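S.K.: Given next are the chains, with one letter for each unit.
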Amino acid sequence: MTPGSALTATDLIAAASQILAESGYRRIADIDEAGFPGAKPRLYEDPYSVVAVVVYETWAELELRWTDAQGALVELMSAHMTSEDPKSWEGYLVLLTPSLVGGFDDSHSQAVSAIRYDTSRVRKLVATGDDLEQLSDIERTLLPLLPLRASQPGGSQDRVLEMLPELLHTRSGIDEKVTERVITAFQEQRSLLEAVDDYRRSA
Amino acid sequence: MRLTRLSLSGFRGFPGPVSFDLDADAVIVIGVNGQGKTSLFDGVLWGLTGNIPRLGEDHRLVSLYSSTGEARVEVDLRTSSGASVRVVRSFDGEVQQLRLEHADKIYKDDGARLRLLEVLWPDAMHTPDSASALTAALTKSVYLQQDLVREFIEADSEQERFEAVSELVGAGRVTDLSLALERAKTAWSRATNLLAKDLEDELGRLRAIEDQLSRLPQSEGEPGDAAETWAAWCARDEVLTKSSTNYPPMESSDAPLVVDRAVKASRVERQRLERRIDSLHELQQAVEGADAEGSPADEVAVLQADLDKAVAEFESARAELERAQAQAAEQRRAQLNLHEARAELRALAELALRHLGPACPVCGQVHDEDATRSRLEKLREEDGGDEHTAPEVSDVASAAARSKEAEVAQAGATAALDAARKQAREKALLRTERERQVHELGLEATSDEDLPRVIDTALEATSARITELEGHASRGEQLALDITRLAEATRGNELKQEADRLRAATEESRAAVSAREESGNLAGLVLEGLRTAGSEVVATQLERLEPLVQRIYATADPHPSFRVVRLLTKTARGRGRLSASVFDPHADRGSNSPSTVLSSSQMNALAVSLFLALNFGVPSLPLQAVMLDDPLQSLDDVNLLGLIDLLRRAKDERQLLMSTHDVRFGRLLTRKLRPVHEQQRSRVIELSAWDTTGPIVEQFDGPRDPARLRIAA
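Chains A and B are the protein sequences, given in the same order. Each residue of the first sequence is one higher than the one before, starting from -1 at the first, in my numbering. Each residue of the second sequence is one higher than the one before, starting from 4 at the first, in my numbering.
I should point out that these hints are in silico values taken from the structure, not numbers from a laboratory. Just so we're clear, the structure is a prediction, and the values are computed from it rather than from any experiment. Hints are supplied without guarantee of correctness; some may be wrong.
[Said to hold, decoys possible] With a straight-line cut-off of 20 Å between C-alpha atoms, the simulated DMTMM-like cross-links for lysine to aspartate or glutamate are:
{"id": "1", "chain 1": "B", "residue 1": "K267", "chain 2": "B", "residue 2": "E277"}
{"id": "2", "chain 1": "B", "residue 1": "K111", "chain 2": "B", "residue 2": "D95"}
{"id": "3", "chain 1": "A", "residue 1": "K175", "chain 2": "B", "residue 2": "E531"}
{"id": "4", "chain 1": "A", "residue 1": "K175", "chain 2": "B", "residue 2": "E521"}
{"id": "5", "chain 1": "A", "residue 1": "K175", "chain 2": "B", "residue 2": "D95"}
{"id": "6", "chain 1": "A", "residue 1": "K175", "chain 2": "A", "residue 2": "E186"}
{"id": "7", "chain 1": "B", "residue 1": "K245", "chain 2": "B", "residue 2": "E471"}
{"id": "8", "chain 1": "B", "residue 1": "K200", "chain 2": "B", "residue 2": "E511"}
{"id": "9", "chain 1": "B", "residue 1": "K499", "chain 2": "B", "residue 2": "D95"}
So that you can see chain B by itself, here it is in the shape it has in the complex (with noise of 0.2 Å):
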């Protein structure tokens, strides 16, 4: 992958547009400083990744001039197959925008990143974040930064550096081994323990089963003439109960179901046949009691005719005793009046005693005082009694007694027919009610006086079935019995034909997870292998790279004492460092820290060897190019001429895109690196006089040595 062509709009330097032509096997930028190279070689870097790490945010790209106020990029690239690639992407101070025009194909955003990687760098996509892992092989292998030259040896930690170089000379993928075989380790055992589980629920089934096998009984063969035995009790049930309308062979899982419907069924039937033979009893002492007693409308006339007589009795001893009742108050009354008269003779005695003379006081009579004395005295001591009182009272009461008695007997006679009335109430009632069972019962009787008859033949069918029942009910929980033993034989078989698939079931999963962990223990030995091996890996690689930094170093020749470098790998707990020395193998010294021995000059060559190094050395790039932003300054003379010579050897194996700030150097540069063949081709950029539009580009091809050789031809 080549670059071919740079369009800028207000990016950075470059407030409007311009295009660069770089499809060249070098490309020279000169311009003292100031004019836009850094820009220049920054638009290619974030073109291609969106990002230009040691400038951080967007919005500092974008010109202060730009009179869009957004910062446009095209890169142009193309493909070793000679296919274009174009690759858009601009900012508008808010959002990035990328467009990919590829084999006549526009993607853009998201889809344009995932196809410009697959693209330029397929190794990205394989890192954790592929635009990190590009601009990162960018940088540490395509593009030589200006601030960053010395950077790239002394800036980074080791650590960082090892891991810089591991993405670049392929570590990745063995993490991405690594990661993959864990996560194919994690979803194999989570498999296994699946696998592992289902076994202990299938030695858990084994176990049921053998314990289920345990508690059956042994089998004592099935009855001989159990299916004759069965079919005739069907048929039997099917007359005497109709508990099923299918019955199925003895066999059957269903036939519990319809012995036991059977059993319950010739009990209900007993029960129900049980209560019609109590039923018949009743009827039967009904009809007996009804017999033995006599006609209820008699005896009510008859106790009719008693009250009727009782009734009139009550009157009568009424009335008399009304009449004694008012003889005798007449006969209180006469004796209130003589009693009232004797009163007052005796006032008037005792009156007449206490003035009695020989002559009356009153009328001067004369009488006899004795005499009358005597008959005063006699009239003062009568006391009023009555002789004739107790018989009228003895009249009352005995009429009372005689009305009272006649009074209990109505009441008795009233009592006696209200009874014999209720009675044959109740009577009527008994008998519609045993009429109503009759009815019920279902019997026929021609008369009343068949009907004792019919219910003793009623009770003996009734109670002939209730036997029948209790045989047939009886015969049945035998066949239950049978049935069930003979269902558990057959369970018996089934459940020992299903402890011996489990068995050998469990046999087979006990030996599939024992295999299965042990291939799960394997890959976890490789996975804890991968772990370690990344570093070492990383490290030789870059054993291997090694001759090639050497080369390129002693192509350039800095240092006349420290000819040799290294580079220095080392693992600790698993994570690598990188570093760089440089070495005098003729006094047998060397330095881990190069700057300490080595003027910047020589840092400086050391810094480009060691990127060509990369450059050269890793197995795939984004770009076949090397881009150099004005490497060479603080160079010594004999440094320069190294680094150029490196350099022009370079241009015939990447696309070399290079700058300076001097211009003398400029014109070196484009001499050094001038065209020696056809197909050869070489550009050089003169960028001047900056103003708020831009420096003032000139752009022409370098050069060409007309005839290849001078002397030897």
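If we strip away everything but chain A, and leave its shape as in the complex, we get (with noise of 0.2 Å):
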């Protein structure tokens, strides 16, 4: 047996399913499993591309079935839609497996590399348990199909002044209440200096 991560495949494909339903991809519940020998398949769908996770548990396996889960899931959209619709070119393999490939030589990271570089009929995402330490690795794995947040629109440069009572505190033992004065005094365009001298008459 390979040796593997911490993670079991039951790990992978667990935490994959949870992030992809909770970044608004569709579970395709119906599929036939058939597609894909040795695996455990989890197929998602969400406006823009359909998602086939693959978890093998070993990188043998993967490395040799990953070709008949690329054929599985292009047979399934060809199914559901013609070469004109535009998703029919937004699949995504992604081969999940918990089993280790630093050990070996480096043919198999090529060869990780290469089923990564394979751009043919669908992207590939691979990761294995070189890569896939914790849970959170899983979701980097899977940021190319997640939703960006940026900051909240509408947000004030302000922001950063609220980090220098701590900051100055820290670095220089200025007490926060001052900074803090000195700063509302600012926003407020009232005197700095008065700030300043209502902090040391009330301290």
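Dock chain to chain to rebuild the complex, using the hints, since each chain is given by itself in its own frame.
M.R.: Structure below.
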């Protein structure tokens, strides 16, 4: 048996399923698992794409069977859409295995890269036990499929000022309250020195 | 804020007018190189900022084939609240003009620039050069220019990159705060210094007062009857000197002046009276002298008689002298004749003697020769003496002496008469003068004889008044001393009160200055902290940004090994530096110089990732948009797909404008960035067949996916 990471194949498929579901993907329940021999497949769809998450127990199985999984995914998509459909080009095959390949020679790493760089038919996202040490690594693998979240629009650069009291206290031992008063006076366009003076009187 | 329309005319690759509908979530611009893709993006940047740093001067923006000779750009925007904003910028080869239409108002030039900043990116207004800050914000986080994709990582120095990112993450606000606090501290110190100077002035005044107090005599209390004495003295002064028309109370500050004026008036009056006494004495002496002397008229008459007599005597003596002189002259003529005859006889005798013989040689007569000789010799010996002369001369001399005496007597009489007359005139003048003096002295005498009595009476009265004035002045001087002492005592009390007030005030001021200095020192500590905090804030912000950078980089997933990207910040001498590094977590290896370990394709993917990370991570943006001018050059397939997937996800958060020179890739983009919701829209702009009128422009909506879910539905 190939040595593996702390995460099991069940962990991988469960985490991937949860992440995709929380990101707006809808699971395709009715699939023919026979097309994914030796694997635990899950299929998902969102408005942009169709994603097949396939987990193999071993790297050897993954390396041996991934093309079968790709074929099954393409076949499934072909069954539901024509080549004119924009989505027919939007298939993603996520290939996961908890087993490690780093202990092997470079040919294994090259094999991983070969799968990644093979952009024919569908895009492949590949992660092995070397990449998947904890659950967050699964999300990192799925990032190309997940929505981006920008900072809240309309935010103000004044937020950086909120960092100053703690920063000045930590670095220079300045009481956070005096810095807060200075910042408030600055934001309200009042006298900064009167704010310092008020603090000193009240301290 | 999103772009909704762009109109270009005479701008770079668009000589003629053309308008682009940009009101879409994704705008894909497709055209082979040289068709105007970059001009379109530059139009947005120039329209909003008036500046394209990589191109330099504005005259390079004007199309060589512009029919008007000017470049004109209109940018339409829509705010998050749905309001429309139109920015119109033009350049006629010399002057750039700006107009802004917003909320039914039109602003021009400087007003438009200010309003544009307020609408687009108020944070720029906190920076020293707001126009440059806006341009930097757009070029560092919104518009990734084609020529500068890799330069985004490679060309900028670490310090320049840090400063540019600093503006984006809000370090400028820290700088603003620092500068504001510095200005406030300077003003505070200036005001504190003024207070300290006032305090020094107050202390100086206190020392001066204490010095005055030490020189003032100790108070001996007010004179008991001073007020009564003052009232009596004033009443007397009103009679004696009339130096004032109003006599104030003794405590009044005018009292010393009144006394001084009265004493001076007394002195003047006394001097006047002393002169009157002198005049009276002179008059008295004159009157007494006039009484002792006789009448000048009588004396003149006597002297005139004496003179007449002397004149007569002188005339008589002079006549006698003339007669004597005439007589003496006659006698001298006779004597002369006699003397001449005797001389002739002597000569004849001498001659005869030489020829004398017994007979006359002439006539022959015989004669007594001896007797003749004797007589001849006698004639010869006579010397001509005249005994009758002396009495005649003596008479003349006597007459002359008498005449001289008479003349002297006449002169004496004349002189005496002149003196008498002069004396008479002087006496007349003296009398006139005396009468004037009498009048001036105000003496009223019934007669000359009464005048001495009147003078004596006046002398007594004047002396008595002088004595009284001396006493009044003496009492006045004493009163002056009393008043001065009283004033000094009053002044001393006032000075004590003022000193007490100043001591309290200086203590209060000293405490206030000390408190202000403490506040100033505390502000200095905060300021010192802020000076170094700016870079640390940026570093902290970048640390917070790093997961986003990492996520975006991982989404693009450009490298199989270097899967981690880090933003490295360091601060030296208050200046921050920023660089990107890539890291292989499995091999525990990394590089702070990504270009040495990444291919060109991977570097482009890294640059776009960092750019998007800034776009997504900074707290505020001028535009909620991402503009990428043909960024996907030299990308291999896997990186291309990775970036497109990334951009498709970015489209949900940002308006995406992207160009490509690859028509096949353009179609892929059109398909990948297709609308998947009813509210979404994508636009495709195709540019082709450029000539001197510009490119052929085709615009159409991107195809919409009719069914969102095909399998899971």
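S.K.: Now tell me, hint by hint, if it's right for this structure.
M.R.: Against the structure, the hints:
no. : hint              : verdict
1   : B:K267 <-> B:E277 : holds (15 Å)
2   : B:K111 <-> B:D95  : holds (16 Å)
3   : A:K175 <-> B:E531 : holds (16 Å)
4   : A:K175 <-> B:E521 : holds (16 Å)
5   : A:K175 <-> B:D95  : violated (55 Å)
6   : A:K175 <-> A:E186 : holds (16 Å)
7   : B:K245 <-> B:E471 : holds (15 Å)
8   : B:K200 <-> B:E511 : holds (14 Å)
9   : B:K499 <-> B:D95  : violated (79 Å)
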